[in-house]
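Residue numbers (numbering that gives the first Met the number 0), protein chains in the order written: chain D, 0 to 261; chain C, 0 to 374; chain X, 0 to 252; chain S, 0 to 593.
FYI, nobody ran anything at the bench for these hints, they're computed from the structure.
Bear in mind that the values here come from a model prediction, so they are computed numbers and not experimental data.
Each residue gets a CB set at the ideal place from its N, CA and C atoms; glycine is no exception.
Hints may contain errors.
What the hints assert, rightly or not - Facing chain D, according to a computed beta carbon distance under 10 Å, are these residues of chain S, among others:
1. Asp-38
2. Gln-441
3. Met-446
Claimed, not checked - Here are the simulated EDC-like pairs of lysine to aspartate or glutamate, each with C-alpha atoms no more than 16 Å apart in a straight line:
4. C/Lys-116 <-> S/Asp-109
5. X/Lys-103 <-> C/Glu-208
6. C/Lys-235 <-> X/Glu-109
7. C/Lys-344 <-> S/Glu-156
8. X/Lys-139 <-> X/Glu-109
9. D/Lys-219 <-> D/Glu-195
10. S/Lys-237 <-> D/Glu-192
11. X/Lys-139 <-> X/Asp-120
12. X/Lys-168 <-> X/Asp-229
13. X/Lys-108 <-> X/Asp-127
14. S/Lys-203 <-> S/Glu-234
15. S/Lys-549 <-> S/Glu-567
16. X/Lys-32 <-> X/Glu-197
17. S/Lys-224 <-> S/Glu-156
18. S/Lys-226 <-> S/Asp-180
19. X/Lys-193 <-> X/Glu-109
20. C/Lys-238 <-> X/Glu-77
21. S/Lys-36 <-> S/Glu-529
22. X/Lys-145 <-> X/Glu-97
23. C/Lys-235 <-> X/Asp-120
24. X/Lys-108 <-> C/Glu-248
25. D/Lys-122 <-> D/Asp-149
26. X/Lys-108 <-> X/Glu-77
27. X/Lys-59 <-> C/Glu-248
28. X/Lys-139 <-> X/Glu-126
29. X/Lys-168 <-> X/Glu-77
30. X/Lys-168 <-> X/Glu-197
31. X/Lys-103 <-> C/Asp-246
32. S/Lys-198 <-> S/Asp-180
33. C/Lys-247 <-> X/Glu-197
34. C/Lys-116 <-> S/Asp-112
35. X/Lys-108 <-> X/Glu-97
36. X/Lys-32 <-> C/Glu-208
37. S/Lys-78 <-> S/Asp-180
38. C/Lys-65 <-> C/Glu-245
39. X/Lys-145 <-> C/Glu-245
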Amino acid sequence: MSHLLEIQNLQVTFGGLDALSGLNFHVDEGEIVSVIGPNGAGKTTFFNTITGLVEPTGGDILFQGDSVLGLEPNEVTSLGIARTFQNVRLFPNMTILENVMVAQHCRTSQNVFGALFQTKAFKKEEQEIRQRAEEILGFFGSRLVGYRLDQAAFMLSYANRRRLEIARAMATQPRLMLLDEPVAGMNPSETAELTELIGRLRSEWGFTIVIIEHDMAVVKNVSDRVVVLDHGVPIASGSYEEVSTDPDVIEAYLGRPVESHS
Amino acid sequence: MAATVEGKSKRRTPLVDRFLFVVKVLLIGLVTIGFLAFIAQQISPDNWFAKWRNPGATGLSGDQIKGLVISGLSQGVFYGLIALGYSMVYGVLGFINFAHGEVFMVSAYTGYIAANKFAANGMWESNFALCLLIVLLLSVMVSTVTAVLTERIAYRPLRNSPRLIPLITSIGVSFVLQNAVLGIFGPGTQGYPQLPEWLAKQRSILTFEISGIKILVFLVTIVSMTGLWYLVERTKTGKAMRAVAEDKEIASLMGINVNRIIVTTFAVGGAMAGVAGVMFGLLFRAVNPMTGFLPGIKAFTAAVVGGIGNLGGAMSGGLALGSAESIAPQLILEPLGVPGVTQLKDAVAFTVLVMVLLFKPSGLFGERLSQEDRA
Amino acid sequence: MNTEISNSETTDPSALLEFRQVNTHYGAVHILKDVDLAIYPGELVCLLGGNASGKTTTLKTLLGMVTPTSGEVVLDGEVVNNQPTSYRVANGVTMVPENRRLFKRLTVKENLMLGAYLRNDRDGINEDLEYVYDLFPRVKERLSQKAGTLSGGEQQMVAIGRALMSRPKVLLMDEPSMGLAPALVQQNFELIEKINNEGMAIFMVEQNANMALSIADRGWVLLTGRVILDDTAEALRANEDLQKAYLGGGSGE
Amino acid sequence: MTTLPSSLLLDWKRIFKWGSICAAALLFVSLVGMPIKLDPKSIISPLLSLGYVSLLWLPLIFGYVASSRVVLEGVETRKPGLPDLLTGVLTGTIGGAGLTLLMLGIENFDIRDPLINWSPQLLEVLAFGARDLNSAVWIGIGGALGLVGAGLHLIPENLRRGASYGFFTVLALAIFEPALDDMSEGFRLEWLVELIFEKRGGLKLWPAIILALLIGLISVVTKGKAKNAVAQYREQEKSQKKKTSVVLFGIVAALGIVLPIFMGTYVNSLLANVGIFLLLALGLNIVVGLAGILDLGYVAFFAVGAYTTAVLTSELSPFFAPGMTWVLSLVFVIILAALTGLFIGAPVIRMRGDYLAIVTLGFGEIIRLLFLSDFLKPYFGGAQGILGVPGIDLGVVYISGTDTRGIFYLVLFFCAIAVYVSWRLQASRLGRSWMAIREDEQVAEAMGINTVNSKLMAFVVGAVLASFAGAIMAARVGSVFPNSFMILISIVILVVVIVGGMGSIPGVFVGAFVLIGVLGGPKQPGLLQEFGSLKLLVYGMLLVYMMLQKPEGLVPSARRTQELHQEEFLQDAWLKGTDDEDEEQTVAGEEAQI
């Protein structure tokens, strides 16, 4: 069977600089894959290219066997790829509920006509959108529901913003979810909790997940497979144990163990 | 829960893009046909192709074409000088200072008042060079102060507002300046005094017939451009400007007084518009409160054509736009059989803006401002 | 210069940078509450704290981007409450910002020279340039390159070099490990230690408490705008409460 | 007084700063010609004219501003006292001195050449019509007004409110005099109008004083209950709020339908003008307020609507004159407007907000220039335009262009449609996608929203609404000219939307009635006809002032307020304890170490 996502010889150049040079990568249905690598190794560019925000200069991206090259970001999303952003980009002035409702845009279809004449189908769809949004928010426990539903997103704490961003990605009903540093800036207990949630995203909701992360604890806990990028090419790939002992990876990314230093 | 979306055609061009493609093809087609018809006309006015859309075509003489180029370029110089201000403010603050055209108008008005006072004393004729220098200095001063004051009053409090708010404010400022001048000096068109003979008369340079005042305009422009280039590229202030343009917070961490640099930017832009204002007055010898509006918008077009944030680009954009606006009606529209082409000069300028943004949104000479840079 | 570890109990007037009972407000919200801090020559001290504990406000107050509502900010014996950032930079304090924040479209050399923006002593500037080149030979190779094209590690060197160009007495480091790859975090801390060994006083705000305390001399812990712990790094590392609450990661704002 | 008590030390720098700004403002107002042009409009006859109001309010306001002090949380503020009064007096004095100097200047120098208002006429106004008035009197007036301004800080809050209510009542009555005069006939209340107003215009002195006192007293007695009611309304639950809104809307609608019957042609023609601009503003509100697209060429759709109607209905249309009825032509108006919306929208839709603004402005101009040009003259009549546009035959009634009441009802009907459309769309999938695009377009796209389609839809809806206004306009005026569609109109509509409150439907109503009703449209006179060419200056100043002081508008939408005042909202939440602090760390993150 073909891979859920397959990337062949992907190249991206910015003003003469190679951000990605000949990247090959794949994810299978139901996997959790971590992508790690030094700053500037092209990890976020990699996500941006998959989701159509950046046009690659060469190579191909196949999702469920079909190329997604040249598609607008919204088309990529409606095919079933959702993402979060490294620097949390919510719709800050929309309420928490609205943030999740609006993300169902590509799974719904009512337009001006329905809204103006308040057709049955329109009302039914609105109801469904709302229900689904509440269901998704309920996944994060009591933090994002209740009176918070109608609170603007900018009122949320840092950790809750990250959670809401994941909820919003879930609302697009993807098959593949791309998480860009989901625990950055979180404290240890929040990190531990989110790590567990990521596992449940797969087991309960059936998402396939690709994560970019610097926190090795998270990488170690959630991933089936780890891919290390450096200068736009994978330098190692395999289980966490294999990768973390790879001398190239230690050299380029992990550095010497911290303890030996002090 | 994971949705399955299958059987959908995945490679499709959005309708909008197809429409835009048609528009682009049409535009290019029109321009090409018009231009070819023009060439046909030039070869022989009796050519069927030339007569196809415009039976009365006569073609243009070489001198006529040269004249169009010169008048286009001299118009373009103003767009370029004003565009510098747009470009600099956009580079540093990231918003379009819609009121910048009005700064130009204010300078032209100051020039008119001062020049007429001199003319009333007879000094304008007897001691033209000195008068001109004083008029120029005075006007540049007034326009600089206007630019700086608008920054202080209207834009500084909005430093951290959403992007469109300063733009809307600047529309208001533009309205205020226009109507204040109208209220204070009256609505009529005011005339500059006569130029001395030696400046008004036509001269021949490299077979181009060009009036002395136009030569003066070009010279003054070259001098001011050189000064500006030196300021931005070679001085510490210029380096600070570029730093502020990129990251205000970090610039202030370097000890740069960000407010002062922004004021300097407005002042320099205002001074450039000031130079343009006086030159405009001398060349066209008429100003009214609306003088700044169209040149202002066209100068913005020029800034976009040249790639906003790029100073050399702003000047080249101005020259390009001026020439296009002067030449295109005769060269492309007339052969297509459009009557009264000179009326469509302004429409041509706006069409150029739309075309540039359609074909090359970063401008002809623009450095690409990536999303990260602006975020 | 010597790397002398001062005891936190001293009220030595030789402090380079000092907070005396500083309070700040953000609108109606009280952020810093009676904060006392002091940094002495040659020290490497760190400020730890959880989310919204006031770490960033502390830095902004030090640099004059936030004015305290009461209390004194003392720089080298002089009260600078009402002095702008530029004055403070000229008088010996500067910051290496979180995420480096270089001027990406300017060259490396221009970035370094902007660090010396307030200085006019040409010889001194050249001297300091040489010093930075000595510290980071790789920077010297890339002088005419646009800063945005450097690798993460090189950018970090330029950021530190740029800060050094103002010839500071105290160097502030804002979250030097935030969002960085492990190897880069390590490089960063090595650089900090190296500069500190050259005699530079360093004040570091960090969420990675373990890492920070491993190289610091002293540390403070902020909780909702109040300093709740103030001790030597060693003692802090041994503190059980702290172990429980903060060590092993921490959190940003 | 050997030692000055420290409380008497004045902040001279501040006094000088505000004083000179006040003087500059007075000079500006004088030289722009406000006192002269507005003098004919009498407020209290014969004491006070609008011309004098334009001067007198300045020292008062500056006295008030100069003597107000910043209240800092946690820092004790001194009670306002003598030093503040002195500050006010001195500020006003400096301001007044500016006018004194101006009078001396006009007497002794003649620089009328560039400054058209540097005239004996101005001098006469400044000297209150008296020939030999000492110019120093303005110093006194300035000082006195400054004192009053500063004194406002001293009197209790409710008295201050009372005074301002009284003052604004008188001002409003005077402004609405022509309208009241006109209405009185319908209500058979001529006697009341005669009782209050002088024949030559302006309130009579005693009625003015009595009314001011009455209203002032009422406001003192009610102690700002109105404000509380508004606050209460804001706090209501969603469903409750909806009910109240419906009731309020019903009342307004009923008034809108019933009142015109009692009004004369003057008020009705005024209302028809307001209505047309209101319709335009409601349309632009969808584009700018809801979708966040700053369209400066909105007038283009207005023009398309007007020209389509003119060509299809007028017998005098030069090229193609089918002579349709207005209602039938409306179908084509809708289609053509939608197509123009798509045509203009498509190329600009991917541009960044500010570029889009300028390019749409360019399109607006291109369309006007094309209508004006010789090129299209055979089709649209060039500068002469198209004449002979007939009235509107609705089958049951025929509304001619001069039947302003009928036009107003028609406009009202279309406004109702516009309100309904805005309201329904806002709470739909499309409305949410607009919101998301306004917030962060790139992310909206990454979340699966087809931003191009959503934005184009906003363009089209806005275009159709504007074209309705154009169609009505053509029938009302009976002709169309290219120069009725200047960029100016786009900008005036934008000002209406912004002053009222972007994204807020009640705000747009208030904006249209206050601005177009009182000041007038670009070419249409309002209640204050005297403003004439000065009204554009006022529009510009209002725009700048609103952006600086109240960008959310007079009647803001809740969301817009929140967008522009995030910090305050966070602080409020913090004070109320409903903010979202990160949870306290109770569990150590055992595994978080590398």
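Each hint, compared with the structure:
no.: 1; hint: Asp-38; verdict: 47 Å, violated
no.: 2; hint: Gln-441; verdict: 7 Å, holds
no.: 3; hint: Met-446; verdict: 5 Å, holds
no.: 4; hint: C/Lys-116 <-> S/Asp-109; verdict: 13 Å, holds
no.: 5; hint: X/Lys-103 <-> C/Glu-208; verdict: 47 Å, violated
no.: 6; hint: C/Lys-235 <-> X/Glu-109; verdict: 10 Å, holds
no.: 7; hint: C/Lys-344 <-> S/Glu-156; verdict: 60 Å, violated
no.: 8; hint: X/Lys-139 <-> X/Glu-109; verdict: 12 Å, holds
no.: 9; hint: D/Lys-219 <-> D/Glu-195; verdict: 12 Å, holds
no.: 10; hint: S/Lys-237 <-> D/Glu-192; verdict: 35 Å, violated
no.: 11; hint: X/Lys-139 <-> X/Asp-120; verdict: 21 Å, violated
no.: 12; hint: X/Lys-168 <-> X/Asp-229; verdict: 22 Å, violated
no.: 13; hint: X/Lys-108 <-> X/Asp-127; verdict: 13 Å, holds
no.: 14; hint: S/Lys-203 <-> S/Glu-234; verdict: 42 Å, violated
no.: 15; hint: S/Lys-549 <-> S/Glu-567; verdict: 14 Å, holds
no.: 16; hint: X/Lys-32 <-> X/Glu-197; verdict: 34 Å, violated
no.: 17; hint: S/Lys-224 <-> S/Glu-156; verdict: 14 Å, holds
no.: 18; hint: S/Lys-226 <-> S/Asp-180; verdict: 30 Å, violated
no.: 19; hint: X/Lys-193 <-> X/Glu-109; verdict: 24 Å, violated
no.: 20; hint: C/Lys-238 <-> X/Glu-77; verdict: 31 Å, violated
no.: 21; hint: S/Lys-36 <-> S/Glu-529; verdict: 6 Å, holds
no.: 22; hint: X/Lys-145 <-> X/Glu-97; verdict: 20 Å, violated
no.: 23; hint: C/Lys-235 <-> X/Asp-120; verdict: 14 Å, holds
no.: 24; hint: X/Lys-108 <-> C/Glu-248; verdict: 20 Å, violated
no.: 25; hint: D/Lys-122 <-> D/Asp-149; verdict: 20 Å, violated
no.: 26; hint: X/Lys-108 <-> X/Glu-77; verdict: 33 Å, violated
no.: 27; hint: X/Lys-59 <-> C/Glu-248; verdict: 11 Å, holds
no.: 28; hint: X/Lys-139 <-> X/Glu-126; verdict: 14 Å, holds
no.: 29; hint: X/Lys-168 <-> X/Glu-77; verdict: 14 Å, holds
no.: 30; hint: X/Lys-168 <-> X/Glu-197; verdict: 12 Å, holds
no.: 31; hint: X/Lys-103 <-> C/Asp-246; verdict: 9 Å, holds
no.: 32; hint: S/Lys-198 <-> S/Asp-180; verdict: 10 Å, holds
no.: 33; hint: C/Lys-247 <-> X/Glu-197; verdict: 31 Å, violated
no.: 34; hint: C/Lys-116 <-> S/Asp-112; verdict: 9 Å, holds
no.: 35; hint: X/Lys-108 <-> X/Glu-97; verdict: 21 Å, violated
no.: 36; hint: X/Lys-32 <-> C/Glu-208; verdict: 77 Å, violated
no.: 37; hint: S/Lys-78 <-> S/Asp-180; verdict: 47 Å, violated
no.: 38; hint: C/Lys-65 <-> C/Glu-245; verdict: 42 Å, violated
no.: 39; hint: X/Lys-145 <-> C/Glu-245; verdict: 13 Å, holds
When the structure is compared with the earlier hints, violations turn up for hints 1, 5, 7, 10, 11, 12, 14, 16, 18, 19, 20, 22, 24, 25, 26, 33, 35, 36, 37 and 38 and for no others.
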